[in-house]
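J.: Each chain, written out:
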Amino acid sequence: MTPFAPTEEREKQIQEIVARYPNRQAALIPVLHVCQDQNGWISKEIVEWVATRLELSAAHVLGVVTFYTLFNQSPPGKHQVWICRTLSCALRGSDALIRHCEKRLGVHAGETTKDGKVTLRTAECLASCGTAPMMQVDREYHENLTIAEVDRILDRITS
Amino acid sequence: MLRKTDYLTKRYGQPNGWKLAAYERDGGYEQAKRALGMTREALLEEMKAANIRGRGGAGFAMGVKWSFMPWPPKPERPHYLVINADEGEPGTFKDRTLMEQDPHSTVEGCIIGCFGIGAHAAYIYVRDELHLAKERLNGAIAEAKAKGYLGKRPFGRDWPVEVYVHTGAGAYICGEETALLNSLEGKRGEPRLKPPFPAQVGAFGMPSTVNNLETIAAVPTALKLGGEAFSKLSDLHALKDGGCRLFGVSGHVKRPGIYEACVGLTLRDLIFDLGGGVTHGELYFVVPGGSSCPVLRADEVVNAPNETSPIHPWHGKSVLDVPMGVDTFRALGTMLGTCCAIVLSDKACPVLAMHNLMRFYKHESCGQCTPCREGSAWLDRIMTRIVQGEGTLEELDRLHEIADSIMGNTICAFGEGTAMPALGFLRKFRKEFEAYVKTRGKSSTGLLAP
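Protein sequences, first through last, are from chains U and D. Per the working numbering, the first sequence runs over residues 1 to 159. Per the working numbering, the second sequence runs over residues 1001 to 1450.
With the rest of the complex left out, here is chain U (with noise of 0.2 angstroms):
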């Protein structure tokens, strides 16, 4: 197995962020989210590699990732889709919104798309409950969304 290795640019990231705490565990979530930025999940190499970093058993590292729903423990698709179904979103037709997406890719909301273009999930409540029904797509919001509006993303995405 090839060790990670953080980019120049990520490392510059990593010693930013231990310099905020007084020690250096804290640092362990911001760390892990640079890394998967870069990797795509959090691969048992990069468990070794933060652990060594930030000083840390790699059985405390895996103890967080596995705990935290946003860090992925095999690779997703080049897209991630999440769909908020909390109650004000299943209020305003999330569910509905689900049952398009799965049926337009061909997968059930937790799968990857066969080309491995887009992995679709539901989410718990992502904070967006007065513009529902929502759905993330990798960093950015999408709200107040309409089937017409979910197919225009999707062929963005899938395209």
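Simulated from the structure, these hints should not be mistaken for lab results. All of these numbers come straight from a predicted model, not from anything done at the bench. For glycine and all other residues, C-beta sits at the position ideal for the given N, C-alpha and C. Treat the hints with care, since some could be wrong.
Claimed, not checked - A few chain D residues that face chain U, going by a derived Cβ cut-off under 7 angstroms, partial list only:
#	residue
1	Ala1169
2	His1252
3	Leu1357
For chain U, the structure is supplied; the task is to place chain D on it using the hints.
T.: Leaving out everything else, chain D in the frame of chain U:
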């Protein structure tokens, strides 16, 4: 009574309203500058008089919380201010608007807060999904720093303050203050036993104050108006529930959104005046302040014959006409929570609504305490069976028992946050639940989204 204000939301929707120039045009950072010239005692008096009840859900008096910090700070035990912006309570989307559209009020609040509690560093814990919010907060911090409002000598005063944005990684439980502290320290977000309370042993084992983001963002306004004048904006000043705050409304209303108004607004004002009224039929029920607050039915009447009850003046009237306050809503048997209501019309099915929320709690239980981990999953399993038309009447009682055995048996309030809304649905919709079970769902509209 509905009285709109724009202390917190004035710059919402303005071009570049989130920039320092816009904030300073409206007198921004003058209060931080003033605070650093006050004595700590004088600042705390103002903050106590302002009666800012915590905006994150528990409704604790902010000024009193600040006063719990050990004084004077010992050099070997630095204090920390921690801001909770892990906004994730279903129905709640107010802090996000502040971060995205007016981040400087939070930064200024942090400077005042640090001085008030004897801290030199503030960590704002933002849920990771809110990328724009983090970008705006970081931008505001950089702008304030460049002006010398943060750093070694803010406004030339000898009180160093640094403000940092810290990100979570997707866990509702990290909105619980001790879970948040563990997460900030690079651990799994599992709540801690209290005591010790954060004021004694908080972030990094040091004395800390955890405030909700809207709470801290209200501080500059409270100081500007003066504590008492700020508190008196509210109809509930006599109940020590002061000022103005953000009200959210979502679900089956014509104009969902965030509105700023004086405390004392009623659910009727929020749903019909601000929210524009109900879509898809008549008002059926409301989850008043985030999903952990037990539901209120639109046809409920206040029963408070006792004259000492904070809601006695509304005895015999509709629950929709009670002013939304921490103590008034507690007296109604629910909670004000985050003050963001979810509205459901009579086309929506309460059984499906409860199922949706129980699925949420099952997903978000951290798994540390058995009654919560097993109980939340069990509630969800039974609800799933009921929704699929396979439930029995005995299982309705089982739901009660499970919820009862979660209550009071867990480390943090997540357990109650799951059990209380469950019991609320079961008690207030018993007839509807029984009919649903007996007819295998045929009695229901079968809908959440009409």
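J.: So, for every hint listed, does it hold in this structure?
T.: We went through each hint and held it up to the structure:
1. Evaluation of the alanine 1169 of chain D hint against chain U yields a held restraint, the C-beta minimum of about 3 angstroms falling below 7 angstroms.
2. The criterion of a C-beta within 7 angstroms of any C-beta in chain U is met by histidine 1252 of chain D, whose closest approach is roughly 6 angstroms, and the hint holds.
3. Proximity of leucine 1357 of chain D to chain U holds as hinted, the smallest CB-CB distance being about 6 angstroms (cut-off 7 angstroms).
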